[in-house]
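Got chain A; can you put chains B and C on it based on the hints?
Chains as they are written, first to last, in this note's numbering: chain A, 1 to 96; chain B, 1001 to 1371; chain C, 2001 to 2233.
It is worth saying that the hints were derived from the structure and are not from the lab.
In this text, a Cβ means the ideal position worked out from N, Cα and C, and glycines have one as well.
Misleading hints may appear alongside valid ones.
Where chain C lies over chain B, by a calculated footprint (3+ residues, C-beta under 8 Å) [to be verified]:
1) 1068–1082
2) 1085–1091
3) 1101–1113
4) 1205–1217
Derived DSS-like pairs: lysine-lysine, alpha-carbon spacing no greater than 30 Å straight-line [said to hold, decoys possible]:
5) K1244/B <-> K1185/B
6) K1128/B <-> K1185/B
7) K1244/B <-> K1128/B
8) K79/A <-> K94/A
9) K1334/B <-> K1185/B
10) K2117/C <-> K1185/B
11) K1185/B <-> K2114/C
12) K1334/B <-> K1244/B
13) K69/A <-> K1301/B
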Amino acid sequence: MSSSTDWPLWEVFVRSRRGLSHTHAGSLHAPDAEMALRNARDLYTRRSEGVSIWVVPSTEITASSPDEKDSFFEPAGDKPYRHPTFYEIPEGVKHL
Amino acid sequence: MAAVTADQTTQGQARGTAQATAGGPDGPAGADVAQQAAFDAAVAADERIEPRDWMPDAYRASLVRQMAQHAHSEIIGMQPEANWISRAPSLRRKAILMAKVQDEAGHGLYLYSAAETLGTSREEMLDKLHAGRQRYSSIFNYPTLTWADVGAIGWLVDGAAITNQVPLCRCSYGPYARAMVRICKEESFHQRQGYELLLTLGRGTPGQRAMAQDAVNRWWWPSLMMFGPPDDASAHSAQSMTWKIKRHSNDELRQRFVDICVPQAEALGLTLPDPDLRWNEERGHHDFGAIDWTEFQEVLKGNGPCNEQRLTQRRRAHEEGAWVRDAAASYALKHPAPTRHAHAPAHITEAPHTEMHQAEMHTPPNAEATA
Amino acid sequence: MTAALALGDDALVLSHRLGEWAGHAPVLEEEVALANIALDLLGQARVLLSLAGDEDELAFLREERAFRNVQLVEQPNGDFAHTIARQLYFSVYQRGLYEQLAAGGGDFAGLAAKAVKEVAYHQDHATHWTLRLGDGTEESHQRMQRGVDALWRFTGELFQPVEGVEIDWPSLHTDWLATVTGVLQQATLTVPTGPGSGAWTAGAGRQGIHTEPFGRMLAEMQHLHRSHPGASW
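Just chain A, same shape as in the assembly (with noise of 0.2 Å):
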């Protein structure tokens, strides 16, 4: 017989150094956040991955939806003049 009570899902989020942002680990079960976070370090960062963990529980997530993808980031590629490469410069002309 199993569990009644199963654990929640979160989503591990991990610094792998200072200067560098958190990113998505992976996911663990945990019974609540402080326990999650624990779990995620033991999990995570075992040969020294990490130092910092986010973690947050999977249905607190908003994410985007694959259906709307064009509508969502199609437009922004016809911008180009967003982009450095966008603009001729002399040759010569240095710090630009």
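Then chains B and C, alone, in the frame of chain A:
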């Protein structure tokens, strides 16, 4: 673009389960055709499929089956090696073995985590394992009789597993591929420690050498069976290769493994228990003897030396742990967040919203699949 | 090097006991947590025993009566609550002890300074679980109380002076009691009031007097090593 608009209106859910539209039994219709095409194109272009992407039901089912089996194998696979932690003959070996068995628990967790992105809970997978409805690798139904078995498992079983797993790092399903990258990186020490263990025994006393040879004799054939049935008899192989869940056939990987092991065995001063094993100049590979697939099928059916024992221990650990899991869940209900947050003020103030959003976008988490 | 043996044996024996959980933990996350603690302790044991001699000779070739660990750490795992009670009692003790050692600047200061960080985490782990089991369900409360009560009589020995280290034992004891009492009370558990040690004048673990399960533990731990005299592994 019209097709995409159609997708957006008809696919109300994230799952990509069959729509109640006019699709015949032969295949999807309308929007599903476009989705199927997009999926096929992504796989063909070696792009990764991510949790909320549309995917064929059979692809999802196949992934869940394989990932669950893989996760279960890690968890059950702890047992034969844990069997020797208390008897490890030096403190160095004791530390190595404990760390390795711990890694296996960790790898099981990574894989369950990846499988959960498909909307199957770990609890569900464990229940199926405990009920005998999902499998784990048959290799773990063999017993570890001597200390040398720990070495043989590291060298041969982990070696075979690595041969199987490295291509999975490029598996078409993103979360599985990412879990495998992590696992392969961590497992690189597993095989080496086993090899080194056998090497030490091989250079040791006559008793130690005999122990090493005996272990290799017993683990060699079961290791070859780990690659699964021959290609012409493998139930899932062909489809999995089309989907790029698998990238090499069973026989291809098995051959690769044999070719790798032969010189390694020589360096150990140990023989592989196969009189037909020899180099074939023409093929550029080693020929090897026939595998006893009857044994394989029997072990698979549950008639291996340890099937019952492994599953019983797993079930017992789970059942005996129920009161612990219940207690922690009950405590969490009684003690809402604030008191617990007080322990880690830095953690909370540190998390700015903007950065969190970036993290989500970069790596769609499991929440998607359960949404 | 009485102190190196005493502290090294504590760590070695507790590590061994925790290692017995492998494959049996109540939840997979806890497999990883318990193994982390066991590995920390084994690392400490190896450093300490190496100060006293050859780590493997000391671990695998000494008789039971030559081990200097406290009886608390050799107690069998029991259920998870029993293990957590043992962890709580020992980690609070070890943390206090190592903090003093680290501050003292003696032979053990360096290793204690490193170990105290590990031990702080062990204490944190034990504390969090004591709270959850003590204040969880009716069943977990009863089990936790049983564990806390059953192991209480092994706690007095922790504060017997160990030769070779400069420790303020009375204050170590006072601090230990305050911390343990605080955790148990917060966990809605009753703090045991019985004696912290048995009545036998022969002594206890620090004098090489152990409990019966320890002999069997050593038999298992040492048998392979002893079966191949002189072999390398």
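Structure-based check of each hint:
1. Residue count for the segment 1068–1082 of chain B with a Cβ under 8 Å from a Cβ of chain C: 4. That meets the three needed, and the coverage hint holds.
2. Chain C is given as covering the segment 1085–1091 of chain B, and this holds because 7 residues of the stretch bring a CB closer than 8 Å to a CB of that chain, at least three being needed.
3. As drawn, the segment 1101–1113 of chain B meets chain C at 7 residues by the rule of a beta-carbon pair under 8 Å; at three or more, the given contact holds.
4. Given as covered by chain C, the segment 1205–1217 of chain B passes the check, having 3 residues with a CB less than 8 Å from a CB of that chain where 3 are the minimum.
5. For the proposed pair K1244/B and K1185/B, the alpha carbon gap of about 21 Å is at most 30 Å, so the pair holds.
6. At most 30 Å may separate the alpha-carbon atoms for a hinted pair to count; K1128/B and K1185/B meet this at roughly 29 Å.
7. Only pairs whose Cα atoms come within 30 Å are accepted, and K1244/B paired with K1128/B is accepted, the gap being roughly 26 Å.
8. Simply put, K79/A and K94/A have alpha-carbon atoms about 25 Å apart, close enough for the 30 Å limit, and the pair holds.
9. With a CA separation close to 41 Å, the supplied pair K1334/B and K1185/B exceeds the 30 Å bound.
10. Using a Cα cut-off of 30 Å, the hinted pair K2117/C and K1185/B holds, with the two alpha carbons roughly 27 Å apart.
11. A distance of roughly 27 Å separates the Cα atoms of K1185/B and K2114/C; the hinted pair therefore holds under the 30 Å criterion.
12. Taken as a hint, the K1334/B and K1244/B pair is broken in the structure, with Cα atoms around 47 Å apart against an allowance of 30 Å.
13. Between K69/A and K1301/B, the direct Cα distance comes to roughly 46 Å. Violation of the 30 Å bound is thereby established for this hinted pair.
In summary, the numbered hints that this structure violates are 9, 12, 13.
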